[in-house]
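S.K.: From first to last, the protein sequence lines stand for chains A and B. According to the numbering used here, the first sequence holds residues 1 to 631 in order. According to the numbering used here, the second sequence holds residues 1001 to 1374 in order.
It is possible that some hints are incorrect.
Said to hold, decoys possible - 20 angstroms max Cα-Cα, derived DMTMM-like pairs, lysine to aspartate or glutamate: (1) A:K166 / B:E1155; (2) A:K276 / B:D1097; (3) A:K456 / A:E473; (4) B:K1111 / A:D210.
Quick caveat, the hints were computed from the structure, so don't treat them as lab data.
In case you want the letters, here they are:
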Amino acid sequence: MSRNWEAHLPAALLAFAASAVLYGLIPAPNTVVAATSRTGEHLQYASPIELAFSHNGRLLYVLCQGTDELRVLDGITHTQLKKIAVGHLPRGFAFSPDGSRIFVANSWDDTISVIDTKTQSVDATWSVGAEPSSVAEDPSGHFLFVADRISNDVAVLDAKTGAEQKRLAAGRGASYMTLSPDGSRLYVSHVYHNTDKPRTAPHSEITVIDTNRGIVDTRISLPYIAHGFHVAFSTDGRVGALAEMHPKNLVPLAHLEHGGAFADTLTLFGADVGPKPVEVPLDNLEQYAARPFGVAITPDKSKLFVTCGGSEAVLAIDLERLLAYIHMHKQPFTEDLSASGNYVVARITVGHDPRGVTLTPDGKQLLVANRLEDTISVIDTHSNRLVQTISLEGPKRLSVLRHGEQTFYSAKFSFQGQIGCANCHIDSTFDGLQWDLEPDGFGRDIVDNRPIEDLKGTEPYKWNGTNPNLPTECGPRTEKYFWRSETFDDLTLTDLVTYIRSIPARPNRWRLPNGEFTPAQERGKEIFERSVDRFGKPIAETDRCNYCHSGPKGTDQKRFNVGTKKPTDDTGLFDTPQLTNIALSAPYLHDGSATTLEEIWTIYNPHDKHGRTNDLTKDELNDLIEYLRTR
Amino acid sequence: MKNGWSEFAMILVLGALAAPAHAAESAHTLPHVKVHAATATIPQMPHFRFVNYTTANGLPDDHVYSVLVDGDRIWAGTDNGLAEFEDGKWKTYTTRDGLAQQAVLSLALDKQTGDVWAGTMGGLSRISGGRIDTFTQLNSGLSNDVVYGVSVEGENVWVATAAGACRLNLRTHDWSLYNERNTPMVEIWVYAVNATPSKVYYAVWGSGILEYNQKTKAWDKYEDPDGENEIVLFKDQGLIHEITTSVSFVDNVLWAATYFGDSRYDGRYWHNFLTKDSGLPSNFTNFVKGVDANHAWFGTDKGLAYYDGTNWAVYRPSLTTGKPEMTVRNAAGKVTEIPVTTAPAHNYVLGIDFQGKDIWVATAKGLSHGIYQK
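Produce the complete structure using the sequences and hints provided.
M.R.: Following this line, the structure appears as structure tokens:
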């Protein structure tokens, strides 16, 4: 079957599509956004991220991250019936087994909103772990599981009271959970890779939880996978699929034209797949499937759909062909750009940053939440065609921030639409990976990816501090060394930079609510600010923590040699990194060689060049780290 | 302070007579099943058929430091990796799998999550769903890489190391270090830990027993009233010796092992056990595990010993012939040899755990499974 989807569109649909583009409903694929009118207003967009039908299919629930709401729509007409206010930045929701309650994971205020589906109102709000991102109740209604992205665990709550019973060790960045069709197992995926030794291939996992016992049953290892998103199962439970990203960060990032940055893939597992999981590529030579996120398998097991946030598209996959292909071909074939042509049967353009998906109860339609467009795309699962776009009645005007965010999450600006900013800055954060960028020479100047929260006042950028401002960082440098194309017009670059500068810091979970410090944090603060070592000897000003890590962001915005230069580094002078939410962004140092905060000083500071620390006892070093976590 | 062996023995006898139902209940689930009649000449003590595991039948190393029962699964900490025994097969985890170090000194089960914690000569490892995470003094807040003891209670992992004690909170990921700066600890060579909901006990080499009250968050300390004097001047008036090796707290009774005898403390009275006046086969005791307030198992350098509150049983290869041996000592001090055909793999016992009525024993020359015999 041809992959040229346009060739199969009837004229009427093409006309509809053209008018939709004209009216801004659907962006034109792989075209540079023209300088359209943008407003400087701060507009509140709905930003739908997940959606699901009620058990009887009569209602459609849409989780709107931008407005902190769960919206209730008529399941047939899609008329908006109610907006239920929930906590801040909700990221996931799930029904109780009997459908009487909905649990919403509010990622920035660390709560679960419990909604009574009869009254369509919040019944209770439960405090949970750090950055809850999804939630699931076991079939017996005994346990409520909550995936905590920051604390890398799954909290097990009493489903009746919300009382936390225990935490299960998950992988790093535990975020999305899917129950197996029989409800006996819960599959947890992770947006970050499990931290390992520096310059080793990333690997992640699917944590499999026994829902009856509330313990980790096993872990499906995902070699080379750094970022996992949604899992879906066939109704018979014999096929599971994870949408994921496979970075190629061990080789120089210089071969985008050869698909050298990321492979966008699925990992398939289950009885129909065989004893070992199989990673399958979604990319095609001219049509990449940037940032796979949401997955659904039709009830008849004929099709698998996957949203590709960066590509602003949904891929339709013939599941039977896909299974036949993996059984006929020797693995791995992840980087085979001709493989997906054997099973991807359609590429359906949808809105900006498509995320969560859900199927109508009869499986005839797939609904897609277009996060950065405030729309829901409706796709006919038989014809693989877009049949409707539902507006969530967001602001009609496009703000500078919104356009900047669309630019950030789109892959359309890079060569062949392969990657976008959000490939490495997962949900506008970081990726925990180290990259070998070209300008310094192959194999030289390996750099750790830094977070981009609350960047204002932390310039210059790059580890060597040579980019004085964000327009330089995000403009020519990005175009030349990442995108391999000249694509941003001036206004688009301005909007992108404005958006990046607007990204706030996540709430710090180590700070006490009253602003005070714990005794350990207080002791650590004294060490951070000390001018005399434990032997009473004055510490030179430049050897004090708060000399370089000064000011509100913890950076003096200057370069310093802290003795971490490697033989492959061109310089030992590195930009002083800000300390904003430093606890979250492991690994550390310019090349990510320190896997934990402790290693910065226990391994990589033998001569006190990174501050006077070798006089500290282990207790004191622990106290210093406790304080740093509050920054 | 009231004390003395005769009074203590009287309490035990009266207790046994007054609470037959309790004894019967304990006998149903624990490996001291048949409580003897106080007047019997040869007390009826538990019998076992020992099956021994060595490198010859799947163990990665004969030197077994620790053993942990996790339902039908057995974990053995050896000098050459962590061995898992399930469905009759051994599987070994090594540093290649992420284990902190090959010598696994201590083991603990998190009963809530099913995770197993392994203290090694090179750090602390968590085995969870087949994945191993390792915490060291370099990459975490762990006080020292030589982890002699580990115990899990609630959301905390309590750790005994060669340079102080520490605690990892599994919810906040915070480490708390305990040493001479913030506890009554004199030495910081911490050899064992037993954490319970009410109290946490540390056996500190040269510093007696440290007690942490979970409610008040206060520390207390139990020492040898004789100080560092090697002569027992004040028997049954405190801990038998400062050089403690193991501790077990059960039914509000503290059992403490040292290289110079053992002790039992019920919160008011101490009782000391020495080879010369008890059935303890050796004062050199590596391990103690209380079954309840009145029953305990001891791992010594001269065999495995069981104390039922009055009588003693010793299980070992004979010190002279090497042949399997079981001896029973009654309250009057009379020792009777019981004919047996099996014994633990070696006299040097380092660890003990229970599996229903069965017992698992870590020794210097193999792991032993004592299968309870009716």
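S.K.: For every hint, state whether the structure bears it out.
M.R.: Evaluated hints:
1. A:K166 / B:E1155: 7 angstroms, holds
2. A:K276 / B:D1097: Satisfied, since the Cα-Cα distance of roughly 19 angstroms is no more than 20 angstroms.
3. A:K456 / A:E473: Measuring from Cα to Cα gives roughly 14 angstroms; hence the hint holds.
4. B:K1111 / A:D210: 15 angstroms, holds
The structure is consistent with each of the numbered hints, conforming to all of them.
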